[in-house]
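We have chain X already, so just place chains B, G and C on it with the hints.
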Amino acid sequence: MNFAFDEEQEALRATLRAFVTEHWPVAEARRLAGGCEPLVWRRLTQELGVAGLAIPEELGGQGGSFLELGIAFAELGRELAGGPLFATALAARALLHGATRAEQAELLPALTSGARTATLAFAGGVAPAARLTASGSGSELAVSGEVRFALSGADADLLLFPARLGSGELALCAVERAAAGLDAQPANALDLTRRFAHLSLREVRARRLGAAGSAEAALTRVAREAAIAASAEQIGGAERCLEVAVSHARERFQFGRPIGSFQALKHRLADALMLLDLARSAAHWAWWVAASGRSEELAEAAHVAKLLGAEAYARCAADEIHVHGGMGFTWEHDAHLYYRRARSLEALFGDSAAHRRELAGELGLVT
Amino acid sequence: MNFAFDEEQEALRATLRAFVTEHWPVAEARRLAGGCEPLVWRRLTQELGVAGLAIPEELGGQGGSFLELGIAFAELGRELAGGPLFATALAARALLHGATRAEQAELLPALTSGARTATLAFAGGVAPAARLTASGSGSELAVSGEVRFALSGADADLLLFPARLGSGELALCAVERAAAGLDAQPANALDLTRRFAHLSLREVRARRLGAAGSAEAALTRVAREAAIAASAEQIGGAERCLEVAVSHARERFQFGRPIGSFQALKHRLADALMLLDLARSAAHWAWWVAASGRSEELAEAAHVAKLLGAEAYARCAADEIHVHGGMGFTWEHDAHLYYRRARSLEALFGDSAAHRRELAGELGLVT
Amino acid sequence: MSQRRTEQTSLDFEDSPADAAFRAEVRALLAPHARASTLGLDAGGLHDLAAAVQDARAWQRTLHGLGWAAPSWPRAAGGRDLTPGQSVIWGQECARAGRSRSMLTAGLDMLGPTLIAHASDTQKLRFLEPTARGDVMWCQLFSEPGAGSDLAALSTRAVLEGDTWLVNGQKLWSSFANYADWGFLLARTEPNQPKHAGISFLLVDMRSPGVEVRPLVEMTGGNHFNEVFFTDVRVPDAQRVGARAAGWTIARTTLANERLSIGQMAPLEPVRRLFAHLAARGVSRDSALAAEAAQLYAWAKALDLLGARVLTKLARGENPSAEAALMKNAAGEVLGRAARIGLEASGEDALGGGGEWQHRYLYAPSLHIGGGTDDVMKNVAAEQVLGLPREPDPWKATPFEQLPRGAAKP
Amino acid sequence: MSQRRTEQTSLDFEDSPADAAFRAEVRALLAPHARASTLGLDAGGLHDLAAAVQDARAWQRTLHGLGWAAPSWPRAAGGRDLTPGQSVIWGQECARAGRSRSMLTAGLDMLGPTLIAHASDTQKLRFLEPTARGDVMWCQLFSEPGAGSDLAALSTRAVLEGDTWLVNGQKLWSSFANYADWGFLLARTEPNQPKHAGISFLLVDMRSPGVEVRPLVEMTGGNHFNEVFFTDVRVPDAQRVGARAAGWTIARTTLANERLSIGQMAPLEPVRRLFAHLAARGVSRDSALAAEAAQLYAWAKALDLLGARVLTKLARGENPSAEAALMKNAAGEVLGRAARIGLEASGEDALGGGGEWQHRYLYAPSLHIGGGTDDVMKNVAAEQVLGLPREPDPWKATPFEQLPRGAAKP
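Residue numbers (the numbering used here), protein chains in the order written: chain X, 1 to 367; chain B, 368 to 734; chain G, 735 to 1144; chain C, 1145 to 1554.
The following block holds chain X by itself, in its conformation from the complex (with noise of 0.2 Å):
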């Protein structure tokens, strides 16, 4: 057992950090609400290979693991940066995990190089509950539906969308966006630094992706990962909040002392940080999960990781507000970003309602 990062990783971390603060940091992130500064994505993906961390470098990725995908994550969710890099990301794990070697080969080296986004257009799940009907057979289909808050869903150059066929199987299906059909219109949304948007697909040519019969797999496999990824952005941005906190509870002075040396404060501060601990250990276990291809503990994994990561993040997204008093409730102050993020995060990819129902059937409960 070891509960460390290797010195490869720890520099991943750092480089990103460094990077993500000086370019990318909440400010700008508060500007861009959601879209992205062409340059620093640029550098993003290019210099740094964000978006194919977790992919192999024969297509065109870094050969790193979900573990690297994670760290990322964390690393950009501290600053709610990133814009279509989340939906990228997850997109191309669903090109790995759904398509075949010679599409992976076609479609992966743009979203790994930045040149292109893409979004995997499922948001509410826990599983990926297929919203579009497709017709057609082969390769060549034709999808009609609604999907409601795509991640990115105006942005990305490729949806990637599961459909049910009229057979009832399954489909992983790829759309281009100017594809002749698709209508989407940019959702209003909880979080102010994320965009979604609602599509609506009318008998829109689409290309099935990936060997006969896999989509099923594929995509439940595909679902846990985006539960997973969202623990990263949840821990990450948990911790920034919590550290906030805790600089402003050490600065700040009221009746005489700093108010972090109030045992209210004080114990609510070490609440925060007991939660971020549990949620910090289950998302690094979850990350390695993903990344050994454990896949009889990947359900587990997602479920714990993502209820945690909710849970804390939304707490140390309060208390960050808490602490700062009134300031901490201006639409000034950075803190509501979080807040809005915390809550945002645990609407998507299955809410907590959801993972702790479904937890709660894999640990034996039938009825």
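Do not rely on the hints blindly, as some may be mistaken.
What the hints assert, rightly or not - Label-pair ranges, simulated between beta-carbon atoms:
1) C/Arg1534 to G/Arg986: 27 to 33 Å
2) B/Ala472 to G/Gly801: 56 to 62 Å
3) X/Glu10 to G/Val893: 52 to 58 Å
4) G/Pro751 to C/Arg1425: 52 to 58 Å
5) G/Pro949 to C/Arg1425: 55 to 61 Å
6) B/Glu377 to G/Gly801: 36 to 42 Å
7) G/Gly1051 to X/Asn188: 49 to 55 Å
8) C/Glu1356 to G/Asn1053: 50 to 56 Å
9) X/Glu10 to B/Trp698: 49 to 55 Å
10) C/Pro1338 to X/Gly293: 55 to 61 Å
11) B/Thr734 to X/Gly293: 36 to 42 Å
12) G/Arg986 to X/Ala11: 54 to 60 Å
As the list claims (entries may be wrong) - Sample of chain B residues lacking proximity to chain G, with all beta carbon distances greater than 10 Å (derived):
13) Arg380
14) Val393
15) Ala477
16) Ala482
17) Ser662
Since the hints were derived computationally from the structure, they do not count as laboratory data. Bear in mind that the values here come from a model prediction, so they are computed numbers and not experimental data. Glycine included, every Cβ here is placed at the ideal spot set by N, Cα and C.
Just chains B, G and C, lined up with the frame of chain X:
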């Protein structure tokens, strides 16, 4: 609106406080283990009339309302005192609601005078689910079945049961302790200052009380009153726990200061006070609802008062232990007797899960 | 013990006959003016503030014409000497008629009682009537960047030059200061005294040169509050209320009235709305959400009842502000949990923007901060109700100017 | 960035090849001695203590024969110099073989490392070997009625007469003191010094005249703890560990080891049992109880993993005791909630006496107190991990005998 008791009620409270503190303090309740000292019982019932506070004078009672009953059981609850009084007072209310005037005149005076004890033998549910079946007709029935955790069930001279007739109708039945076929086994109980018994009845001769068709309504009303009476013990006990905790927090020094000056304990106790304040308001309202015979509010009052009573008592009892540190969890200290009573009351007359479910139903959740 | 009543009891959750008659009277009075909804603000709402201010002033003038402008004030001050119980009935009936008046509450419910208790006759004559008429709208100027929970650490300076105070400093969290005509200000006048002993209470014309108001936008996107900057603002000494350096004592009257009104926020209606929302979303009564919501309803119901207990105390001349402190915490807890449950029941829709439960969710953190943090409220209750000791304060006797200060911004 | 591995990563939740080999080695060693269940105590259990002590001593003698009596100790002290990771594997395998040894932990895991770090060679020679052999069973004599969270306020006095200390006072919460042969005691030797600076660390023969042990029964009905009274007990100065008045520093070694072992209570197994209980009771996975239990499982799983992180820190030579403090709180929280949920699922049966979940419910309050209260643990973590300031302590430099004391009994 007036949220204060009148002078006579305050006098009753003061009289009982003085009496219980002197004659039936918690040390005595511990020694008696749910039983009673005949001399004290006689004074409590005959001089103070506590068994018949909420029974009309012409039936041997004090002619008070449920408010007086609430006050009395809060006071007894403070010291975990009363032995079979709680069961007897509830049985008296059951006779008041469910028996004919002639039956009341025959049965009630012996209860209100303390000459006989009684119990209403349903422990678990929000509603009086009949666990006994009855055969026969007219006023003489034969009842059979098992009742678990009947309050003071091995001590009561008179036992009242809901029983289901072959016709499906519910009947309120009275059984004498000495009746053939009745076996009462003292139950091993969490609460060390209250007695329960498991009853087994085989074709026991029982008297059917009340007018035909009246039992369902009467027993429903009594079940709600039982929950409301429990709220009296809950707030009395919770109040006492908080008092003892506060007094210790003021007197015990650590780090050169009274421990109650540390925010961790101070805020813990303020939160407990908040819960107690809520529970007290709800209990007082519920007593008033029961006293005024406002049947349309009785169910809500029972749910709200018992839910908040359970929450406050659990919290105050745990806090009393916590504030006392190691001594708080010794057998010798009284705190655990309250902790046990709090949990036992929560399970009695419908546990919190059941009350929440019913309340949610009353508030419009149907599925 | 023999003479007991089964029916008539003094503990009573219904109006007494006298209260019922009073309720009927004011309901009749308000009936011609009743309207479906109020233009005023709901908690944290995003309504048109300027319109709401206009509306509140107009209605206040109407009330004044009816002789009901400030009915809780004593007759001598132009009020009707309502009992606390009657004041609450009045408030309930105003709300029922769609006529609440939260925009003017600083003048009517906080400053009014303060002036009545502490101002000179000249000051009362000058300010009470225009306030009651709605001609003068007030804002509170207490909190500062460096003085939040520790309000007495305020550092806005007032220096007397002749008979005029020269005021410099910054205030925060002033509700509706951008619409107010006048403000009531706590300023440090004796910095060489311990912090509680060097504060004076001044009335400031918000149109004075040197007063600058900047709106503070909250995380909900709403704007209730403002920052107010004072640069060499001149305030005649005749506008000082009470003795020099007695400001802290006077402010406690004001704050107790604030806490009472905040403590009476009744969250029962929002919890009823929550159940309607859960029902509409098909939430089962066996579910975790329903269980949480049911417990919450019990809290909300009890808070409603606690309000009655606080009133009883008031009516007896006791001070219930410590109970009100815990009620404020409980109300914040209820509203915060209701928001969370409501949003949870919304499932995927929680990702979207807007909607009642999201708005409440964004508003929730402020409930634990505004009007005194939960932590301060717990101290108040623990000390005043439970008699627990204060924390040792080594700076009690230290002159204000020698107090330690941190480096942090607010 | 180009040379990355997909497979081999250094973060790894499985045994490394070396650890796996070590595990296989100790499993083989223990296999002949494995048994279905242990006679030792479960948390708060009511087993036959005298039999458990006999059993523990016998097994310790067997281990000694095998050369594995105290494998975490350095070789020089008779141990095997195990790494922290190996120590945990050793503990896991012992538990798996039904051979945990909680009765002897005070000597083996707390005092042992303390002696190794601070005792003289003569003392090591005299005590380490008999302790490892199970011939000397130890108890801790630290807490007092007036010194709980504020342990340094202890007032048991030791006065030096010639080369012998005369000890008077009372100790509390001493586990298994009624079976122990020797005790390690903190006593005040310099009352005119500030409280931390006047304490010495003494080893006491529990059979000395004047030592009286009285069992303390817990609220569960169990008896883990004892009060120990000292009346003119004579302790040779040769039994003092470390310098005079250096006892506090030495005790910190002991306490850090205690906290580490408590912090590693893994509540995953009880939560798995909880799910079995819920399933047996037919609890639906849509219910409130199931939701709470699922969140609890997540905590318990993460605590298990946090244990690994603490080990990693230990293995790197870092001190993880602040993390362990929060783990202790979290474990207490998990076990307390599991008890509550388990009892709730029992419905009416909660009225009865006995049963696993009731036992756990009665045991739960002690989890937030014993081994340092939750409040103390939060202070430790907030100060050591988050760097939040301590509360001001005006008594820091005050001689012990002048400290303010309350009137309360413990």
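Hint check:
1. Between C/Arg1534 and G/Arg986 the CB atoms are about 32 Å apart, so this pair conforms to the stated range of 27 to 33 Å.
2. Take B/Ala472 and G/Gly801: their Cβ atoms lie about 59 Å apart, and the range 56 to 62 Å holds.
3. As the Cβ distance of X/Glu10 to G/Val893 is approximately 57 Å, the hint placing it in 52 to 58 Å holds.
4. Against the hinted window of 52 to 58 Å, the Cβ-Cβ separation of G/Pro751 and C/Arg1425 comes to about 53 Å, which satisfies the hint.
5. At about 57 Å, the beta-carbon gap between G/Pro949 and C/Arg1425 stays in the expected band of 55 to 61 Å.
6. For B/Glu377 paired with G/Gly801, a C-beta distance near 39 Å keeps the hint of 36 to 42 Å intact.
7. For the pair G/Gly1051 and X/Asn188, the beta carbons lie near 52 Å from each other, so the given range of 49 to 55 Å is met.
8. With their beta carbons about 53 Å apart, C/Glu1356 and G/Asn1053 fall inside the hinted range of 50 to 56 Å.
9. At about 52 Å, the beta-carbon gap between X/Glu10 and B/Trp698 stays in the expected band of 49 to 55 Å.
10. Taken as a hint, the range 55 to 61 Å holds for the pair C/Pro1338 and X/Gly293, whose Cβ atoms sit roughly 59 Å apart.
11. For the pair B/Thr734 and X/Gly293, the beta carbons lie near 41 Å from each other, so the given range of 36 to 42 Å is met.
12. Separation of G/Arg986 from X/Ala11 is about 58 Å and conforms to the stated range, judged on CB atoms against 54 to 60 Å.
13. The Cβ of B/Arg380 lies farther than 10 Å from every Cβ of chain G, with a closest approach of about 12 Å, so its non-interface assignment holds.
14. At the 10 Å boundary, the C-beta of B/Val393 stays outside the reach of chain G, the nearest C-beta of that chain being 21 Å off.
15. For B/Ala477, the shortest C-beta to C-beta distance to chain G comes to about 19 Å, beyond the 10 Å cut-off, and the non-interface label holds.
16. Every CB of chain G is more than 10 Å from the CB of B/Ala482 (nearest about 18 Å), matching its label as outside the interface.
17. At the 10 Å boundary, the C-beta of B/Ser662 stays outside the reach of chain G, the nearest C-beta of that chain being 15 Å off.
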